[in-house]
Amino acid sequence: MPTLSMNEVTTFRWTLEEDVRRYVAAGYEGIGVWRQKLADFGEEAGVDLIAESGLRVTNLLWAGGFTGSCGRTPDESIQDAIHAIRLAGALGAGCLVIYPGGRNFHIYRQAERLLRSALDQLLDYAADAEVALAIEPMHAACAADWTFLTDVESTVALVESYRSPFLKLAFDTYHFGHDQAVLANLPELVPHIGVVHLGDRIESHSIDQYRQPLGEGRLHIAEIVRGLVDAGYTGDFDVELSGRDVEENEYDDLLRDSLNFFERVLAPVGGERS
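Once you know that position 14 of the sequence shown is 13 in numbering that gives the first Met the number 0, the rest is easy, because the numbers rise by one and skip nothing.
What the hints contain is simulated information worked out from the structure, not anything from laboratory work.
Check before you lean on any hint, since a few could be wrong.
[Claimed, not checked] Have a look at the derived ranges for each label pair, beta carbon to beta carbon:
id, residue 1, residue 2, range
1, Thr-14, Glu-187, 33 to 43 Å
2, Glu-262, Glu-202, 22 to 32 Å
3, Asp-178, Ile-106, 23 to 33 Å
4, Asp-74, Glu-51, 29 to 39 Å
5, Glu-17, Arg-162, 36 to 46 Å
6, Phe-104, Gly-226, 32 to 42 Å
7, Asp-178, Ser-52, 34 to 44 Å
8, Glu-222, Arg-71, 38 to 48 Å
9, Arg-20, Ala-140, 34 to 44 Å
10, Glu-43, Glu-17, 16 to 26 Å
11, Ile-106, Arg-71, 13 to 23 Å
12, Asp-127, Glu-215, 37 to 47 Å
13, Phe-104, Ala-221, 36 to 46 Å
14, Ser-52, Glu-159, 34 to 44 Å
For glycine and all other residues, C-beta sits at the position ideal for the given N, C-alpha and C.
All chains, full assembly: derive it from the sequences and hints.
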């Protein structure tokens, strides 16, 4: 059965130490690590804490901003990404999620050149650390501060152009779980996916990304998860939720309900968890 992790962004108000303790208590085998919490706790101590817990790091959030949209120069963003790659390696992370940066007044081709220039340097570090870089596209309504890549097809084309096992796609159901063209081509996507972020949606896409708990929105999350597994996906799923509705939930209930949902969805495929 594929691993389900909980992303630390979901339990925004908890510390890293609380996340680790409560994820384990809830029965999770994986954790999606947020660099901000790791930095607040102390990176070296945090790596040891997670390792001792037995949780597997499915993905590390995040590095990128190579277009300058986050206020750093491209070179500063590359140096930060090198540090993040080494950190992901120390964590044994399945991948490091990459947000390339918004258009930032660049034309598309210039933004793509900046991204490719960064990847040309970073992939050697990724190979040395044995950490995949997973580029995440976003719906255009959410992407301004994060990425100029706003469709799955162009992101896959970029990934394929490198022919590297260390460059992948981060697929997020919140952003593209409604796109029938994407969902119809899951078998073609599966070989390129480094991690699947799970989030449901009721409202239209927006920069605030009001993400609903699994099964409580308009998206057919269960069908998407089953479709990916049926198409041969054996990688990780990571619950990434945010917004006012999530903040109103008790985190312990959210942990339990997300895991129960995932187990019910995959029970016909992989059987119940032991």
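Status of the hints after comparison with the structure:
1. Thr-14 x Glu-187: 33 to 43 Å: Given range 33 to 43 Å: holds, Cβ gap about 40 Å.
2. Glu-262 x Glu-202: 22 to 32 Å: For Glu-262 and Glu-202 the Cβ distance comes to about 27 Å; the hint holds.
3. Asp-178 x Ile-106: 23 to 33 Å: Distance hint for Asp-178, Ile-106 holds at roughly 25 Å.
4. Asp-74 x Glu-51: 29 to 39 Å: The hinted range 29 to 39 Å holds for Asp-74 and Glu-51, with Cβ atoms some 36 Å apart.
5. Glu-17 x Arg-162: 36 to 46 Å: Taking Cβ atoms as reference, Glu-17 and Arg-162 lie about 42 Å apart, which means the hint holds.
6. Phe-104 x Gly-226: 32 to 42 Å: The hinted range 32 to 42 Å holds for Phe-104 and Gly-226, with Cβ atoms some 38 Å apart.
7. Asp-178 x Ser-52: 34 to 44 Å: 36 Å, holds
8. Glu-222 x Arg-71: 38 to 48 Å: 40 Å, holds
9. Arg-20 x Ala-140: 34 to 44 Å: Since Arg-20 and Ala-140 have Cβ atoms about 36 Å apart, the given range 34 to 44 Å holds.
10. Glu-43 x Glu-17: 16 to 26 Å: 19 Å, holds
11. Ile-106 x Arg-71: 13 to 23 Å: 20 Å, holds
12. Asp-127 x Glu-215: 37 to 47 Å: Taking Cβ atoms as reference, Asp-127 and Glu-215 lie about 42 Å apart, which means the hint holds.
13. Phe-104 x Ala-221: 36 to 46 Å: At roughly 41 Å between Cβ atoms, Ala-221 and Phe-104 fall inside 36 to 46 Å, so the hint holds.
14. Ser-52 x Glu-159: 34 to 44 Å: 36 Å, holds
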